[in-house]
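Okay, here's what each chain looks like letter by letter:
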Amino acid sequence: GPKVLQIPSHQIIDMGQMVTLNCDPVSNHLYFYWYKQILGQQMEFLVNFYNGKVMEKSKLFKDQFSVERPDGSYFTLKIQPTALEDSAVYFCASSLAQGGAETLYFGSGTRLTVL
Amino acid sequence: AQKVTQTQTSISVMEKTTVTMDCVYETQDSSYFLFWYKQTASGEIVFLIRQDSYKKENATVGHYSLNFQKPKSSIGLIITATQIEDSAVYFCAMSDDTNAYKVIFGKGTHLHVLP
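As given, the protein sequences belong to chains A and B, one line each in that order. Read in order, the letters of the first sequence correspond to residues 1 to 115 in this note's numbering. Read in order, the letters of the second sequence correspond to residues 116 to 230 in this note's numbering.
Hints in this document: simulated from the structure, not taken from any laboratory. Careful, some of the hints might be misleading.
Stated by the list, open to error - SDA-like, lysine to any residue: derived pairs with alpha carbons at most 20 Å apart:
| hint | chain 1 | residue 1 | chain 2 | residue 2 |
| --- | --- | --- | --- | --- |
| 1 | B | Lys185 | B | Ser202 |
| 2 | B | Lys171 | B | Val161 |
| 3 | B | Lys222 | B | Gly191 |
| 4 | A | Lys57 | B | Lys171 |
| 5 | A | Lys57 | B | Lys170 |
| 6 | A | Lys3 | A | Arg69 |
| 7 | A | Lys57 | B | Lys185 |
| 8 | A | Lys57 | B | Lys118 |
| 9 | B | Lys170 | A | Lys3 |
| 10 | B | Lys118 | A | Lys3 |
| 11 | A | Lys59 | B | Lys170 |
| 12 | B | Lys222 | A | Ser108 |
Said to hold, decoys possible - Interface residues of chain A toward chain B, partial, derived using beta-carbon atoms under 8 Å:
| hint | residue |
| --- | --- |
| 13 | Gly40 |
| 14 | Phe45 |
| 15 | Ser87 |
| 16 | Val89 |
Glycine included, every Cβ here is placed at the ideal spot set by N, Cα and C.
Chain A on its own, in the form it takes in the complex (with noise of 0.2 Å):
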């Protein structure tokens, strides 16, 4: 099926430096998102980004935190300084449409630890 690509797998950096997080969306999808998962447990909404713009993001995605693709490259997730409580799974997802009427299909995360 349709691939979502995440990049790094890992990534450890120390609490306050900056970290991207990258992720290539599937080719024709145009609804991005980021979810944050701790320790397996509940997948958290962060942001939906849609035609260049942040179309509804929940109370995680603190100011420090901020997403953007130029032209059509990766949808990024930058955090900005890092906190330890960042510490986290990033999933990045992308559908077809918006969220309620499209499938949402996944990458495979990335484990960002913040010392």
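Based on these hints, arrange chain B on the given structure of chain A.
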């Protein structure tokens, strides 16, 4: 408010039996979409099956089927003839018109299929 509740944290069943995983949802909208996803031990998240609120017939895909009880706001996942490889965490999720840009997940049910 949109909410998805999975009360079963963990279920163990014998191989080749049938298992039902429960999910209850909350929404103010008359139109909504319900999904089940599976997360394997490797962390991969895979879409399994969906039910659109306006459809009366329960969805079926392979050995997965849904028990959609609209008056009870319930969408159970039924797996028949379980296999060892069905062992995973199963997430119930939903989206509705008010929250069209995000898909909300439950906390997941860990299924253990025993030989």
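Verification of the hints:
1. Only pairs whose Cα atoms come within 20 Å are accepted, and Lys185 of chain B paired with Ser202 of chain B is rejected, the gap being roughly 28 Å.
2. Proposed proximity of Lys171 of chain B and Val161 of chain B is contradicted: the alpha carbons are some 25 Å apart, above 20 Å.
3. Among the hinted pairs, Lys222 of chain B with Gly191 of chain B is consistent with the structure: their alpha-carbon atoms are about 14 Å apart, no more than 20 Å.
4. For the proposed pair Lys57 of chain A and Lys171 of chain B, the alpha carbon gap of about 32 Å is over 20 Å, so the pair is violated.
5. For the given pair, Lys57 of chain A sits about 29 Å from Lys170 of chain B by alpha-carbon distance, which is inconsistent with the 20 Å threshold.
6. Distance restraint check for Lys3 of chain A and Arg69 of chain A: the Cα-Cα separation of roughly 18 Å lies within the 20 Å cut-off, and the hinted pair is therefore satisfied.
7. As the CA atoms of Lys57 of chain A and Lys185 of chain B are separated by approximately 28 Å, the hinted pair breaks the 20 Å bound.
8. For the hint pairing Lys57 of chain A with Lys118 of chain B, the CA-to-CA distance comes to about 16 Å; that is within 20 Å, so the pair holds.
9. This hinted pair does not check out: Lys170 of chain B and Lys3 of chain A have alpha carbons roughly 29 Å apart, beyond 20 Å.
10. Distance restraint check for Lys118 of chain B and Lys3 of chain A: the Cα-Cα separation of roughly 28 Å exceeds the 20 Å cut-off, and the hinted pair is therefore not satisfied.
11. The hinted pair formed by Lys59 of chain A and Lys170 of chain B fails the criterion: a straight-line CA distance of about 33 Å is larger than 20 Å.
12. A threshold of 20 Å between alpha carbons decides the hint, and for Lys222 of chain B with Ser108 of chain A the separation of about 19 Å falls inside it, so the pair holds.
13. The criterion of a C-beta within 8 Å of any C-beta in chain B is met by Gly40 of chain A, whose closest approach is roughly 7 Å, and the hint holds.
14. With a least beta-carbon distance of about 5 Å to chain B, the hint placing Phe45 of chain A at the interface is held under the 8 Å criterion.
15. Interface restraint check for Ser87 of chain A: the shortest CB-CB distance to chain B comes to about 15 Å, outside 8 Å, so the restraint is violated.
16. A least Cβ separation of about 7 Å between Val89 of chain A and chain B falls short of the 8 Å threshold, and the interface hint therefore holds.
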